[in-house]
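Chemist: Each chain is listed here by its residues.
2 protein chains.
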Amino acid sequence: MKPIQVGLLGIGTVGSGTFAVLKRNQEEIRRRAGRGIEITMVADLNVERAREIVGEGTQVVADARAVIANPDIDIVIELIGGYGIAKALVLEAIAAGKHVVTANKALLAVHGTEIFAAAREKGVMVAFEAAVAGGIPIIKALREGLTANQVQWLAGIINGTTNFILSEMRDKGLDFAVVLKEAQRLGYAEADPTFDIEGVDAAHKATLMSALAFGIPVQFDKAHVEGITQLSATDIRYAEQLGYRIKLLGIAKRRDDANEGKGGIELRVHPTLVPSKRLIANVEGAMNAVMVQGDAVGTTLYYGKGAGSEPTASAVIADLVDITRLHTADPDHRVPHLAFQPDELHATPILPIDAVRTAFYLRLRVADQKGVLAAITRILAEADISIDALLQRESAEGENQTDVIILTHDTVEGDMRAAIARMQALPTVLAPIVSLRKEELA
Amino acid sequence: MKPIQVGLLGIGTVGSGTFAVLKRNQEEIRRRAGRGIEITMVADLNVERAREIVGEGTQVVADARAVIANPDIDIVIELIGGYGIAKALVLEAIAAGKHVVTANKALLAVHGTEIFAAAREKGVMVAFEAAVAGGIPIIKALREGLTANQVQWLAGIINGTTNFILSEMRDKGLDFAVVLKEAQRLGYAEADPTFDIEGVDAAHKATLMSALAFGIPVQFDKAHVEGITQLSATDIRYAEQLGYRIKLLGIAKRRDDANEGKGGIELRVHPTLVPSKRLIANVEGAMNAVMVQGDAVGTTLYYGKGAGSEPTASAVIADLVDITRLHTADPDHRVPHLAFQPDELHATPILPIDAVRTAFYLRLRVADQKGVLAAITRILAEADISIDALLQRESAEGENQTDVIILTHDTVEGDMRAAIARMQALPTVLAPIVSLRKEELA
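Chains as they are written, first to last, in UniProt numbering: chain A, 1 to 442; chain B, 1 to 442.
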């Protein structure tokens, strides 16, 4: 049988990795797929550089539409990124009857509903293993490996840049801004790191996973997104003393008790205290890991490189093999794009952040005088927020103020915010209260 | 469309879990699979108990062959276990044109070649996610998630009983026999624990994973198998002091340098020193985890419950959903049973244990006198075995003997065995030398 012919749109880091791995392991991949898989055409604005990467025997063009128009191309890989031209090209490839493989989480988290509907209409597959957690086959685990389960929650370190920064902050006791510069110098953070450090990239990925886990449409606009730019070395240190590490987690959680008993989904990205003894707390540097809790399987965890040329290429090629194997299957019986059949998605709402339930870490800078703790704990008690642990430092010599650290039990965020506002108004609370969410992940 | 009808052979722990989860999550599973999946017939010798478990509406019979003969049954789940009747029934189900789902690692590790050939002949699938590492979708990761990669090695904690025992031995400083009794009392070890504690169960699973990873036939008879019965609390303690934990690992490794350059596969199960800082070293109790190293993806790890009623049911049901989705696919383009196309399996040999390359931990009980260390280190130097670390304890008061602990760099096992024999012959070596393999898993 003649090889599956693949057209590649955009040959940057991941594209050149995909080209290289597909070539290096072509024999191994053919032995698995039962058919050769070849990138026969590449489109990139930088034709010269593209030609250098692919060498002879692969057609290089500047115009992506020439790839889509090529009737010999079976699968189009989109590695351009972003919402603009990438969206147009993906839709055009689908319209031309091509299967599509993409690593574009931003595109799918925002425009997934439209794109998957178009693909369904044309009977083609849009595969996106590379969009979440690089080479870790987490999309496959959620979509196929855990189909027996009601997923209860998932929580992931799904942005390598921020995990690298947090690991360095903890290891070296440095503040965010210092470590960010270092990460940029080492290539772990981009020149404009906004999407990473503000949590947007993680939220794109969490959005995709929430859809796969719970059978809901992608709803990036409903995600609560916080990054790590406000995090201080002080809180990382206190957390450590209390047996916790701070990780930027993307979390999606089923809440059957919420929304007046009609249920809801929590979808949120924020720095999170996690018990140090959990495996996920020990995922360091640019590595990724995703925990998935299912009602039958219990806790599972998936770990690996979340970015980089060849790890991401590993996921892109796994999708190519899947399509090569499965495109003969009756389209109605293929694995659905979002794990659930498209007419079986539910409208379970994403809960507003005020309705989220978590435990909290609070740091209050207080005057070192009688009655301070009583006032604080009274406010928490009145808000029905129970305290799990409390740590009061002795004042440093010559100072008459100190830190009070409080860990709470699970509480509704809105109640916590109201209580924080009341505590903040106390004359003995001398600085803005720091609050971080805490998850036991048990 | 009418539901897929499933017949269940053997309704013990995993079978009743499968029945319960399929019922509890039927709506969720139907939304994913696009079709209902129902166990409509159960065969178990204990008809009474089976009827109690399944209630009304499911036919219960004593004769498994009645299930296979039922033309309405699409998929047969084999949960009887063992090589005997289970083998006959699986082959009969295949011959009757049924797809088969099984958790029977022993059967597939030993008779897989025959069973998969029969299935191919009849155009049916034999799915076995539940055979390795319970609910962790590791078969799917190896077979579909990592298809881009040359797998370089895999290493797994794939037997919960032994991991529970090792965790307890380390935590409490107790010896094997004591902890085994405790594990039996708690239900973590069976009344006859031989298959678990002697490493046989782990070797069955490692055999299956080696086939999936490297494109070779299942060859359980070539696996090197050691259990944990000889392990002492002393060595666990010394390992800990040196920054290692001892885990029973199933290891499969590609060795392109071996077999006079023609390549070979290491396939072995044995207690192994692993650096304490690796995630896998921190997998405690009855949990399982598998590391897979691919040339593109780098290191990945998969973690979860490796046994138990519902975790294993999670894997069984994932297979049912896969079959439900994919049975319309052209059989030539389905995912092959052993990840590689059946006519593309290679005859790469499993290496004999003497040709395996690992580092070693040695403990020698020696006379506390001059020249002892010199004699030992000379033997190692002459065998070209280099020392990574050496720890000599002071003699206890009033004793004139002590322990010498040596960590070596990687060496060929045959050379190590010869050197150990020479050291053992030294008059100053007072007790049998303890040797354990050590893997950095980096």
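Honestly, the hints are just simulated from the structure, not real lab data. Be careful, since some hints might not be right.
[Unchecked claim] Just so you have them, the derived chain A footprint on chain B, three or more residues with Cβ under 8 Å:
(1) 14-26
(2) 32-44
(3) 51-63
(4) 212-226
(5) 334-342
(6) 372-380
The structure displayed is predicted, hence computed values, not measured ones. Each residue gets a CB set at the ideal place from its N, CA and C atoms; glycine is no exception.
Chemist: Name the hints, by number, that the structure is in violation of.
Modeler: Checked against the structure, the hints that fail are numbers 3, 4 and 6, while the rest are satisfied.
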